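**Q** Chains as they are written, first to last, in the working numbering: chain A, 1 to 301; chain B, 302 to 396; chain C, 397 to 659.
Possibly wrong hints are sitting among the right ones.
[Claimed, not checked] To list a few chain B residues with every Cβ distance to chain A over 10 Å, as calculated:
| no. | residue |
| --- | --- |
| 1 | Gly308 |
| 2 | Leu309 |
| 3 | Ala310 |
| 4 | Ala312 |
| 5 | Ser314 |
| 6 | Ser317 |
| 7 | Leu321 |
| 8 | Gly350 |
| 9 | Gly355 |
| 10 | Thr356 |
| 11 | Ile359 |
[To be verified] Facing chain C, from chain A, some residues (calculated, C-beta under 7 Å):
| no. | residue |
| --- | --- |
| 12 | Glu50 |
| 13 | Cys54 |
| 14 | Ala55 |
| 15 | Gly57 |
| 16 | Pro58 |
| 17 | Ala90 |
| 18 | His91 |
| 19 | Leu92 |
| 20 | His116 |
| 21 | Gly118 |
| 22 | His119 |
| 23 | Asp123 |
| 24 | Tyr160 |
| 25 | Phe227 |
| 26 | Arg229 |
| 27 | Ile287 |
In short, the hints are calculated from the structure, not lab data. In this text, all values refer to a predicted model and were calculated from it rather than measured experimentally. A virtual CB, placed ideally from N, CA and C, is assigned to each residue, including glycine.
The residues making up each chain are set out below.
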Amino acid sequence: MPVPVPPRHGGIAPCPGQIPMLAGVGLRPRHYADVLADPGQIAWVEVHPENYLCAGGPQHHYLTQVRERMPLSFHGVGLSLGGEERPDAAHLQRLRALAARYQPGLFSEHLAWSSHGGHYLNDLLPLPYTRENLARMIDHVGETQEALGRRILIENPSLYLAFEASEMPETAFLAELAARSGCGLLLDLNNVYVSCMNAGTDPLAYLASFPRAAVMEIHLAGHAPEFDRDGLPVLIDAHDRPVADPVWRLFARMVEHLPPVPVLIEWDSDLPDWPILLAEARRAQSIVDRVHERGGGRDVA
Amino acid sequence: MNRRTAGLAIAGSLLSALALSAAPAAAEGTEKCYGISLAGQNDCASAGGNSCAGTSKIDYDKAAWKLVPAGSCATTMVTLPDGSTRAGSLEPIGS
Amino acid sequence: MTSPDSLNSEAGFARALWDARLPRPAGVIGRAGRPAADRFDIHRNNIFASLTAALRARFPVVVRLVGEAFFADMAAIFIRRHPPVSPVIMEYGGAFAAFLKEFDAVGALPYLADIARLEWLRHLAAHGADAVPADLSPLARLAPSAMAELRFTLHPTATALSSAYPVASIWRANAVAPDLQPVLADSAGESVLIVRPHRQVLLLDLPPAGDVLIAALQEGRTLGDAAALAAARDLDFDLTLTLAALFRGGAITGFAPGHSSSN
Chain A
1 MPVPVPPRHG GIAPCPGQIP MLAGVGLRPR HYADVLADPG QIAWVEVHPE NYLCAGGPQH
61 HYLTQVRERM PLSFHGVGLS LGGEERPDAA HLQRLRALAA RYQPGLFSEH LAWSSHGGHY
121 LNDLLPLPYT RENLARMIDH VGETQEALGR RILIENPSLY LAFEASEMPE TAFLAELAAR
181 SGCGLLLDLN NVYVSCMNAG TDPLAYLASF PRAAVMEIHL AGHAPEFDRD GLPVLIDAHD
241 RPVADPVWRL FARMVEHLPP VPVLIEWDSD LPDWPILLAE ARRAQSIVDR VHERGGGRDV
301 A
Chain B
302 MNRRTAGLAI AGSLLSALAL SAAPAAAEGT EKCYGISLAG QNDCASAGGN SCAGTSKIDY
362 DKAAWKLVPA GSCATTMVTL PDGSTRAGSL EPIGS
Chain C
397 MTSPDSLNSE AGFARALWDA RLPRPAGVIG RAGRPAADRF DIHRNNIFAS LTAALRARFP
457 VVVRLVGEAF FADMAAIFIR RHPPVSPVIM EYGGAFAAFL KEFDAVGALP YLADIARLEW
517 LRHLAAHGAD AVPADLSPLA RLAPSAMAEL RFTLHPTATA LSSAYPVASI WRANAVAPDL
577 QPVLADSAGE SVLIVRPHRQ VLLLDLPPAG DVLIAALQEG RTLGDAAALA AARDLDFDLT
637 LTLAALFRGG AITGFAPGHS SSN
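Start from the sequences, fold in the hints, and give me the full structure.
**A** Below is the structure:
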């Protein structure tokens with residue numbers, strides 16, 4: 001006779017939901033058991049909510065247990081907020097219900113589009129930084145924040161190409177977006193590095209113009225050095241290896257110029273064993289701790 | 302078979318089925334939720350979900366369409382709708 | 397101004413992503429202002445590689461049956477014909493079995509579509525609603541005359557699949573057996589029960605017309621009526637084995653004595 005196991009349901013979250021100003025990791029199913037075996041090892045985790053938009057099953061079983069032990073952040077990939085079409089109302093409602101259940105401390109999305117004409121392209125696609133696109137994205141972010149009943153964060157993308165039609169730099173686009181929609185920003189330093197290398201521009205110049213006051217989370221990840229068809233180097237935002245040294249250096253500099261914010265290690269492909277992922281998070285934490293011991297990073301505008 | 306006989310047959314089946322089910326069914330093979338598990342056991346959705354990462358291997362020039370399935374179908378015998386039985390490698394279709 | 401369909405429009409961008417025969421959009425810039433239309437291919441690659449990976453994870457036995465390379469090319473054709481309509485990739489692939497049925501290049505593998513159906517149903521069961529299997533011990537204490545009037549509530553993930561091909565044997569040989577068995581004789585069709593009573597998806601063999609009984613129970617018919625329907629489909633219908641599969645699989649989440657007082 002099967003042993004009845006009561007399903008865990010409802011928005012039970014005895015653990016506080018607020019994301020601490022510490023290092024966390026992106027949580028993938030492969031590491032559920034590791035996190036649950038010793039939850040004290042990591043301060044918080046982040047998941048893609050789209051991977052939990054199902055009625056039941058193991059993902060919910062494990063994520064519920066994880067959430068009972070630590071704060072959780074949602075990092076959405078499916079809303080296509082930079083697109084021409086309005087965010088899908090049904091999808092928003094599903095996200096809202098999922099957030100009601102898991103009470104995520106932060107909810108982020110991307111400066112990108114991925115849906116067009118009723119089809120979902122499953123990639124974070126770039127858009128020209130025009131006034132028209134800015135106005136539209138402000139509307140989409142506003143609509144999303146209203147539907148979810150909360151502030152969201154928007155992440156700067158990894159770019160492989162740019163548009164002749166762009167009318168402003170990405171940092172100006174993000175600054176306006178944050179100022180006029182009220183959203184926060186998720187600063188992905190690997191994306192900054194990837195985009196700047198691919199465009200032949202200076203990441204430090206990019207960061208100097210980044211609207212730092214709106215930053216509420218930092219992402220770090222590994223990228224893959226590849227070559228384009230002309231044999232020229234191109235970096236791919238693959239999340240399949242450790243964070244690269246130049247990205248660590250960007251992080252150390254940014255920590256000095258930002259108030260404390262949560263930082264997250266993303267690793268999505270060729271997943272490592274848990275200790276390796278944990279070591280990446282600890283490295284991020286040690287950089288933050290070192291800066292703050294010196295008294296940096298707290299009161300800088 | 303009248304209604305009563307049918308009812309008794311059903312009762313007999315039900316009781317036998319209960320006796321047969323003393324041990325619940327187990328998953329096939331060594332299903333493990335974490336890490337590598339056997340093919341087909343996607344219970345943990347360890348792959349094939351949403352991600353915000355790109356793909357590191359760029360396939361600029363996709364190879365031509367490979368017409369011949371070359372998997373383990375070669376070891377599965379089937380009878381085709383025309384009644385013939387076949388196994389092994391398949392001829393390219395339309396080449 | 398750009399025309400609605402050209403360079404920087406989302407529609408033109410999306411169309412060129414799906415269809416590699418179309419020229420890449422102009423107006424895109426690569427490194428240090430160089431025109432870099434080839435960079436566009438990175439996005440094409442991301443889309444097809446990620447969706448192919450999702451299909452590969454969802455249909456591992458189909459992959460094994462046709463081989464990785466063939467599967468990848470076939471997936472590219474499927475993805476163009478049936479792009480995802482939802483941003484939830486977990487929901488992608490429901491059209492794959494029907495696609496395989498019509499796809500000429502796998503015409504010599506007539507069972508392939510049913511293998512894909514089986515894998516899709518396993519996937520649905522993996523993510524379907526949770527429910528607790530019922531304690532069935534009280535059934536043994538019912539009056540025998542009441543048993544035919546029972547109505548069962550089936551687990552929300554329970555599905556029966558009936559195929560003209562030995563789908564369960566083929567699936568097991570490729571998914572579970574550590575070494576591939578050389579030949580599966582072309583035997584009769586098979587029916588299976590797919591259910592996820594706890595965390596793992598189970599696959600249980602059903603006797604002929606077992607799927608008919610399950611469908612009838614799911615419609616809310618009494619055990620007696622459902623058994624009669626199954627027996628009408630197949631004279632050798634085995635109620636005991638069908639019920640044993642349901643019971644062993646934890647596929648019953650509730651039962652109620654019939655309110656029928658007609659006898």
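**Q** All the hints need checking, so say for each whether the structure fits it.
**A** Each hint, compared with the structure:
{"no.": "1", "hint": "Gly308", "verdict": "25 Å, holds"}
{"no.": "2", "hint": "Leu309", "verdict": "25 Å, holds"}
{"no.": "3", "hint": "Ala310", "verdict": "24 Å, holds"}
{"no.": "4", "hint": "Ala312", "verdict": "20 Å, holds"}
{"no.": "5", "hint": "Ser314", "verdict": "18 Å, holds"}
{"no.": "6", "hint": "Ser317", "verdict": "16 Å, holds"}
{"no.": "7", "hint": "Leu321", "verdict": "12 Å, holds"}
{"no.": "8", "hint": "Gly350", "verdict": "4 Å, violated"}
{"no.": "9", "hint": "Gly355", "verdict": "5 Å, violated"}
{"no.": "10", "hint": "Thr356", "verdict": "7 Å, violated"}
{"no.": "11", "hint": "Ile359", "verdict": "6 Å, violated"}
{"no.": "12", "hint": "Glu50", "verdict": "5 Å, holds"}
{"no.": "13", "hint": "Cys54", "verdict": "4 Å, holds"}
{"no.": "14", "hint": "Ala55", "verdict": "4 Å, holds"}
{"no.": "15", "hint": "Gly57", "verdict": "4 Å, holds"}
{"no.": "16", "hint": "Pro58", "verdict": "5 Å, holds"}
{"no.": "17", "hint": "Ala90", "verdict": "9 Å, violated"}
{"no.": "18", "hint": "His91", "verdict": "6 Å, holds"}
{"no.": "19", "hint": "Leu92", "verdict": "11 Å, violated"}
{"no.": "20", "hint": "His116", "verdict": "4 Å, holds"}
{"no.": "21", "hint": "Gly118", "verdict": "6 Å, holds"}
{"no.": "22", "hint": "His119", "verdict": "4 Å, holds"}
{"no.": "23", "hint": "Asp123", "verdict": "4 Å, holds"}
{"no.": "24", "hint": "Tyr160", "verdict": "4 Å, holds"}
{"no.": "25", "hint": "Phe227", "verdict": "10 Å, violated"}
{"no.": "26", "hint": "Arg229", "verdict": "4 Å, holds"}
{"no.": "27", "hint": "Ile287", "verdict": "30 Å, violated"}
Taken one by one, the earlier hints fail for this structure at numbers 8, 9, 10, 11, 17, 19, 25 and 27, listed in ascending order.
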